[in-house]
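Chemist: Residue-level listing of the chains:
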Amino acid sequence: MTPFLKLWSRYVRLTARWPSIASFVPFIPVIALWWLVTALEVFPRAFLPGPAEVWSAFKSLTYKGVLPDYLQDSMVRLAVGALWGIALGIPLGLLIGMSKRAHTALWPVLLFFQAIGDIAWLPILVIWFGYGLVTMTVVIVYTVIFPVVLNTVLGVRSIHVNMHRAALSLGASRLRVLWEVVLPGALPNIVTGLRNGLGYGWRALIAAEIIVGTSGIGFMMFDARRAGSVVEILLGMIILGILWYIVDSWILAPIERATGQRWGLVSR
Amino acid sequence: MHLLQRLSSALLFLLPFAVLLTLWAVLVPYFNINPRLFPTLGSVIEAGIESVRDGSLPAHIGASLMRVLVGTVLALFVAIPLGVLMGVSQVTSTFLTPLFRSFSVLAGIAWIPIASLWFGYGFGAITFIIFNAVFFIVTYNTLLGVSTIPREVRNAAASLGAGRVAMLTEVLLPGALPNIVTGIRTGLGFAWRGLIAAEMIATNVGLGYMLFVARDFYRTEVIVLGMIVIGVLWLLLDRLVLAPLERATVERWGMVQRA
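Taken in sequence, the protein lines are chains A and B. Residue numbers for the first sequence follow the working numbering, beginning at 1 and rising by one. Residue numbers for the second sequence follow the working numbering, beginning at 1001 and rising by one.
Derived from the structure by calculation, the hints contain no laboratory data. One or more of the hints may lead you astray.
If we take Cβ atoms under 7 Å as the criterion, some of the chain B residues that face chain A in the derived model are [stated by the list, open to error]:
#1 Pro1016
#2 Pro1098
#3 Leu1099
#4 Leu1106
#5 Pro1113
#6 Gly1163
#7 Arg1164
#8 Ala1197
#9 Met1200
#10 Leu1211
#11 Ile1223
Don't be surprised by glycine CBs; every beta carbon is placed ideally from N, CA and C.
The shape of chain B in the complex, shown without the other chains (with noise of 0.2 Å):
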């Protein structure tokens, strides 16, 4: 039953999704589209299995995950216990707030012609641009999270007798953490979205590249189809990475509803 559900559920997932490529498997050729405006859906499968084939497809998702694992992975251990720390004390928050939402504004993009500058065409550029994306905004809404705890909640957990430790690890971050896990999913989300504009700009393997190198030949089945590539690999990220984080600790804390 258990396993009847979870398959029923995932079907219905899917569902929208057969619709979209039915519509696109027929409008596409009844209306006579021009392949250099838009590719049939044929025509972006015959490009997926020649690029799976000479490597070229596998090539570029690596360099690009690659780069976001790592970018991602040292923003957050630097981030998290930086924002909480900033959070826990008033002055801190109040002094530092205004100076990170400028810099997790400006953070990613922005950063692209410099970092290409300092650090040259390639991995370290980009690897900065995704730690820089990532970094802000988890520090941020650490920030945030820990200071939207209610005063009353501190008080009354101070007043019971917590120490710092229990402080930290039983009121500070589980109310921040619904924050925490919303500041991870949209910094990943925006770096995923950096990678794909620096790899356009500053490097010569990845996909941005691969979508950018396509549209100087004007074969939009090679576009389209890294858009199918990068979108289906964030949804990868998403539902099993990302998703179960917050359904552990969002849900958990009965912020959101289960649908």
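With the rest of the complex left out, here is chain A (with noise of 0.2 Å):
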């Protein structure tokens, strides 16, 4: 146990003073069970291939150029739906979450079409906007939304009431509440909304992208499927992962970092 527990004190002191090592360090372990498993032959090669043959179709699709074209395709479509996806539903959050009367006439028909679910307005939306980019956006937008919303009403309801009857008390005006009570109040579980929705965003695109795509690597993902060649969906997954990793470790996690633990929520 001694030489384990040595082990782990070192990697502890190692990703206090790196933080990104530790994404991707347990990764080691699972790369290397794959590689065994595969060279072990437990599973047939055309159904499970290894770690290089997926490194080889990497590059042989970065070489034709297919990859980086697919990919900016994706990140482009993501961009687009999150940002109106934020821009919408932080707003309507706030509003729910502060307003009983908005909260009465919005949150059943909220609950509803959030229950149907991005992915069935594919059919409709292909009909009505044809297969683009309008189509792949407004699917974006509708599942960004509903976690960002949905998050922020929690956020703004779990503001104890305290904390509104103090401000107001001290003279705050609605707009002040709004903006040094709620806000802040809230911000830890608005982060939460958006981490998930953006999860849930490139979720969605990819969907998309398998069911109406004619680019990016969802469609690449479909298209593998159909000829069969289980390489390039695996890259497809590796990549779809990587791609998660740098929108959250560069842009998501830095601003929970600025909210969740500066509100003392997160012990460290």
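Combine both chains into one complex, guided by the hints.
Modeler: Below you can see the structure in the form of structure tokens.
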């Protein structure tokens, strides 16, 4: 046990100095296991190719220029959809969280439309807007907006009513309460919502690309499935994971650090 | 009085929908919208009655619900114990959080191509997708819930002499429950979504399949009917199963004030 603990303490010190190491070291055993399973041929090669084959597929697809193009298409779609979703979602969430009347009028409708789900909209969106950026954007906005709104409402409602009262009795205006009590109080939840929303927006994008796509990572994966080529499917999945890591740790995690930890909600 | 109160809150819940339906019934004929773009209320009701009569709608609903039930129950049985187990120890939770975070993003739809190759088109692939969608997000949320319990609370319980079992049942599980329930709710929401996507691609029965086939024939009334059925089913699930669950946990622990 002691050598293990020693190793662990070294690992902890290392990750304390370079936190980004902590996010990919856990994958080393996973990749080793994957390599081992494929090397022992537990499953047929055609069902589960090894890391080396996926790597060579990555190189050849990058060389041909297919992969960079598809990647760019997917990222642009996600960015456009996410921005719209955030811009619409946070104000809506604040409104529903703060106003009882808005809650009565909008909450049931919101639940219903969330229940329909972005993907169920795909068939009719294709009829309305055809195969293209508009359909994709609508689907992503639709996915991003619900987690953001629901979490914002949860955040607003989890602020203790005494906070409102304290601020009001100290003479704060409604706008000031919104800016200095509600928004900061709900911020950790909003960020959680954003994180969820983007993660699932990403997923909706993949679904949209699989079902109605003509380009993008999702399209690449489904095209490979038609051809029965597992290598490219796995490559697509890994790229999705890495891309999410980049979005999450370069954009979302800093935001979360600036909110959640500042407000003392996560103990490190 | 109590009954009256419940009745009025139910009415209040339904009121926004009545407004929407009225708008639909009035606006679509008024602007003379092409039925290939958006159906009238009447044609959707007709399509509903017809599909119930020929038994196709109940068959689709039954198939979809069965898949969700099997996948979700399997996933919860594995995910919650695993999440608690990993969250208890600082070592495993810091080590495994990045793994579960990336897998919970990959979960569901990204697995459709490979699941349909491994399991073939049908029940296996779709149940796998649902299991996947619920499992990773519930595990991740449980992990998060357990590891965000303030250290002081755990230390206090330990210094008061709580054993492992008492710690689990009186500190860790209650503390993580709001997160677990949120996880179940989002996980199921997205499993439901994954189900629809998987059914569009990988099967020949189910609600997603019904939508996708209708699109090929520009039968918007069937598409809208399917969307409404999907929405209503989820709402029922949410109101009758998940919301009471949340009330019993999140609100009990004083995290949300009742509206």
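Chemist: It remains to establish, for every hint, whether it holds in the given structure.
Modeler: We went through each hint and held it up to the structure:
1. Pro1016: 5 Å, holds
2. Pro1098: 4 Å, holds
3. Leu1099: This hint holds: B:Leu1099 lies near chain A, its Cβ roughly 5 Å from the closest one there, short of 7 Å.
4. Leu1106: Given a least distance of 5 Å, the restraint on B:Leu1106 holds.
5. Pro1113: Because about 4 Å separates B:Pro1113 from the closest Cβ in chain A, which is inside the 7 Å limit, the hint holds.
6. Gly1163: 22 Å, violated
7. Arg1164: Hint violated; B:Arg1164 Cβ to chain A Cβ min 19 Å, cut 7 Å.
8. Ala1197: Because about 4 Å separates B:Ala1197 from the closest Cβ in chain A, which is inside the 7 Å limit, the hint holds.
9. Met1200: At about 6 Å, which falls below the 7 Å cut-off, the nearest Cβ of chain A leaves the hint on B:Met1200 intact, so it holds.
10. Leu1211: 5 Å, holds
11. Ile1223: 5 Å, holds
In the structure shown, a violation is registered for the earlier hints numbered 6, 7, in ascending order.
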